[in-house]
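Protein chains in written order, with this note's numbering: chain F, 434 to 707; chain A, 11 to 228.
Keep in mind that the hints were calculated from the coordinates and are not lab data.
Everything hinted at is true.
Here are the computed lysine to any residue pairs in the SDA-like style, where the Cα-Cα straight-line distance is at most 20 Å:
(1) F:Lys665 with A:Tyr193
(2) A:Lys54 with A:Tyr66
(3) F:Lys596 with A:Tyr193
(4) F:Lys531 with A:Phe13
(5) F:Lys665 with A:Lys195
Label-pair ranges, simulated between beta-carbon atoms:
(6) A:Glu95 with F:Lys437: 49 to 59 Å
(7) A:Leu83 with F:Val438: 39 to 49 Å
(8) F:Lys646 with A:Leu78: 30 to 40 Å
(9) F:Lys704 with A:Phe13: 39 to 49 Å
(10) A:Pro76 with F:Val442: 24 to 34 Å
(11) A:Met56 with F:Lys638: 47 to 57 Å
(12) F:Lys437 with A:Val99: 45 to 55 Å
(13) F:Glu567 with A:Ser38: 32 to 42 Å
(14) A:Trp197 with F:Gly599: 20 to 30 Å
All of these numbers come straight from a predicted model, not from anything done at the bench.
Cβ atoms here follow ideal geometry from the backbone N, Cα and C, with glycine treated the same way.
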Amino acid sequence: MLKKVSFLVFAVVASLLLILTGCGKDKEVVTTGKEEDANGKTLRIVTDANYAPFEFLEGNKVVGFDIDFIKAVAKEAGYEAKVESVGWDPIFVEIESKRADVAVSAITVNDERKQTYDFSVPYFLSTNKILVPEKSDIKSGDELKGNSIAVQTGTTGQEAVEKLLGKNHKDIKKFENNNLAIQELLQGGAAAVVADNTVVEEYVKNNPDQKLKVVEDSQAFNEEFYGLMFPKGSELKADFDKAVNAIYENGKYAEIYKEWFGVEPDLETLKAQQ
Amino acid sequence: MSFRWDIIFEYAPFLLKGALLTIGLSVSSILIGTFLGLLIGLGKIMRNKVLAAPFYFYVTVFRGTPLLVQIFLIHFGIVPFFTGETNAVAAGVIALSLNAAAYIAEIFRAGIQSIDNGQMEGARSLGMTHAQTMIHVVLPQAFKRMIPPLGNEFIVLLKDSSLLCVIAAPELMYWGKAMGSQYFKVWEPYLACAFIYLFLTLVLSFALNGLERRLKTV
Numbered sequence: 434m435l436k437k438v439s440f441l442v443f444a445v446v447a448s449l450l451l452i453l454t455g456c457g458k459d460k461e462v463v464t465t466g467k468e469e470d471a472n473g474k475t476l477r478i479v480t481d482a483n484y485a486p487f488e489f490l491e492g493n494k495v496v497g498f499d500i501d502f503i504k505a506v507a508k509e510a511g512y513e514a515k516v517e518s519v520g521w522d523p524i525f526v527e528i529e530s531k532r533a534d535v536a537v538s539a540i541t542v543n544d545e546r547k548q549t550y551d552f553s554v555p556y557f558l559s560t561n562k563i564l565v566p567e568k569s570d571i572k573s574g575d576e577l578k579g580n581s582i583a584v585q586t587g588t589t590g591q592e593a594v595e596k597l598l599g600k601n602h603k604d605i606k607k608f609e610n611n612n613l614a615i616q617e618l619l620q621g622g623a624a625a626v627v628a629d630n631t632v633v634e635e636y637v638k639n640n641p642d643q644k645l646k647v648v649e650d651s652q653a654f655n656e657e658f659y660g661l662m663f664p665k666g667s668e669l670k671a672d673f674d675k676a677v678n679a680i681y682e683n684g685k686y687a688e689i690y691k692e693w694f695g696v697e698p699d700l701e702t703l704k705a706q707q
Numbered sequence: 011m012s013f014r015w016d017i018i019f020e021y022a023p024f025l026l027k028g029a030l031l032t033i034g035l036s037v038s039s040i041l042i043g044t045f046l047g048l049l050i051g052l053g054k055i056m057r058n059k060v061l062a063a064p065f066y067f068y069v070t071v072f073r074g075t076p077l078l079v080q081i082f083l084i085h086f087g088i089v090p091f092f093t094g095e096t097n098a099v100a101a102g103v104i105a106l107s108l109n110a111a112a113y114i115a116e117i118f119r120a121g122i123q124s125i126d127n128g129q130m131e132g133a134r135s136l137g138m139t140h141a142q143t144m145i146h147v148v149l150p151q152a153f154k155r156m157i158p159p160l161g162n163e164f165i166v167l168l169k170d171s172s173l174l175c176v177i178a179a180p181e182l183m184y185w186g187k188a189m190g191s192q193y194f195k196v197w198e199p200y201l202a203c204a205f206i207y208l209f210l211t212l213v214l215s216f217a218l219n220g221l222e223r224r225l226k227t228v
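Work out the full structure, taking the sequences as your base and the hints as a guide.
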């Protein structure tokens, strides 16, 4: 009897250990080397590592432009950063309930979101574009009407399409992430995907054999700016605003930008938004 | 944090539409799955091991892999392979019924094997064939014993249909998620979904209880 009980206890402990090892997976602590700094607090930074090249998983590490950017900014502001991939919708819950300090996940700043969250100064310029098969006739946002469109749920891509077709229109298929939406397009279940330009352009560049192309429509889709997202009233905002501007000035931003996108950033437009 | 009834009312028509699709998906998958499950269950108890092997294989594969994985494979792989395009509802029915069939096959097998061998021997000695005995003697008794586990399986299937939101099948959970991601809310959409699912499973278990009572031998 005692043997059985101790075996059960062993089994429970062993399984809990397994769970714990699973938890540690995609967290990563970045030491800034400024530990003497009074600010040297470790921040919990949340993202949705499903949006290459901004944030994605390489093995079990979260990498991407956003990740390099937030590390540089946190270092500049004198914090340690622990980046964790939690998924898109949970980001907003974590930040609203203040369980995380900062979110960086190609989050577009808009008035609706500003009501519930604080944003840093914009750090990236983006616009939604349409991803279609090479032989598609779709040439503008208007021509999306009557076709079924795949988007990532809760993104500005979804918003832009809903503006054109109507909210919760039956032709809009909302997926958990962009990869699934693109997969739906490849398998013929959707005529187009609407998402941030960098993401669809990157996809086309990396997958030439899929025969896709990107359609631009600056009339239907406006320019958007990404910002770091904080809980409402966060004290970090001022520090991070200063740090973002500092890495604009010292060339660190341009360095990271070029590394990921191969071109010079348009710093003037970004600064003009402040 | 205030509970926003208004967004539930705003999404009520969508949740209702989603619930109808959930019912449709579940009922059709229950029917197809039960039919397939009966065939597979009978196949598994065939005495010829070679003939029974494919049925063993089927149950091993569909019971041994996660339903979520099967949903992705069927939606992005199998359905487009045959039709050239994806169809979330079709993929949903296929995935749910194939998956349920594996479990239902086991329920049928267990039910049939739970009937005492003497029944088969008695009927055979009265001159009935093996098939006749199955249909008129064994299956009617076995079916009664299968109702509780079948009921469990149907309820599991109904709840598992929520997984289809990942392939954008516009069922109940899909609209719950759409609502959640529009307003970045957790309680309102998911409590509303939970309530509707609970209502659906309650109705289903009442129906199954009724069936069980009617079939009870006096």
